[in-house]
Amino acid sequence: MQGIDARRYDRQSNAWQPAERIDSHISDHGGMFNPSIVVPTNTGDALAGWLYIPHPPPLTGAAEGRVYSAAKEDWDIRPRFDRSVDPNNPRLGGTVLGGFPVLASDPAGDQVALWAQSDHTAWASYQYAPGNFRPPEPLRSAPGAVVGAITGAMDLNGHATAVWIETAAGGDSLWVSRYQ
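For the sequence shown, this note's numbering assigns the number 1 to the initial residue and increments by one for each residue that follows.
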């Protein structure tokens, strides 16, 4: 069984808490790659994200995650970051290998996930704290371009900025989009 585990450090006890399995996949023996996490400084909540690639093909994968609620002391919400092209099979048309979600947060707990889809487009999903992630939104890109590396950040006021590379017939272009 492959899974994603998390451990929290408790400053009061000055010790690491036991590891906790926050997600796993057993039935199709796929792989989980590139886990990352962000923790807002004022809330203690956390957002973890990773890329899940099922096996066998033709399934392309999904950008998955979990939200830790400090108030509940539990990994609570399961946001689905990627936008499937087939609503009956959410794993078809998901993210590509290397399209793992990039996560960012502000001190108040607003969070954003950014990723590249298998259709070569850039996407984002935003969460205002406390709450659920909004539906994924496409980031502006050139028609016919292929989205490559994507990254991003969030400022202290919850404004997210995404930066990505697109390759088209004319070469590579660097794109930026700001979420206000």
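These are calculated hints, taken from the structure and not from any lab test. A portion of the hints provided could be inaccurate.
[Stated by the list, open to error] Label pairs and their calculated CB-CB ranges:
#: 1; residue 1: Arg-21; residue 2: Val-176; range: 35 to 43 Å
#: 2; residue 1: Gly-170; residue 2: Gly-44; range: 19 to 27 Å
#: 3; residue 1: Tyr-9; residue 2: Gly-170; range: 46 to 54 Å
#: 4; residue 1: Arg-178; residue 2: Ala-149; range: 25 to 33 Å
#: 5; residue 1: Gly-148; residue 2: Asp-74; range: 18 to 26 Å
#: 6; residue 1: Ser-24; residue 2: Gly-144; range: 20 to 28 Å
The beta-carbon is built from N, C-alpha and C at its ideal position, and this holds for glycine as well.
- Could you say whether the range 46 to 54 Å given as a hint is met by the Cβ separation of Tyr-9 and Gly-170? holds, 48 Å
- Range agreement (Cβ of Gly-44 with Cβ of Gly-170, hint 19 to 27 Å): violated, 47 Å
- Indicate whether the distance between the beta carbons of Gly-148 and Asp-74 respects the range 18 to 26 Å. violated, 36 Å
- Message: Holds or violated: the 20 to 28 Å window for the beta-carbon distance between Ser-24 and Gly-144?
- Response: Hint violated: Cβ distance 38 Å, outside 20 to 28 Å.
- Does the Cβ distance between Arg-178 and Ala-149 fall inside 25 to 33 Å? violated, 18 Å
- Is the distance from the Cβ of Arg-21 to the Cβ of Val-176 consistent with 35 to 43 Å? Given range 35 to 43 Å: holds, Cβ gap about 37 Å.
Checked against the numbered hints above, the structure violates hints 2, 4, 5 and 6; every other hint is satisfied.
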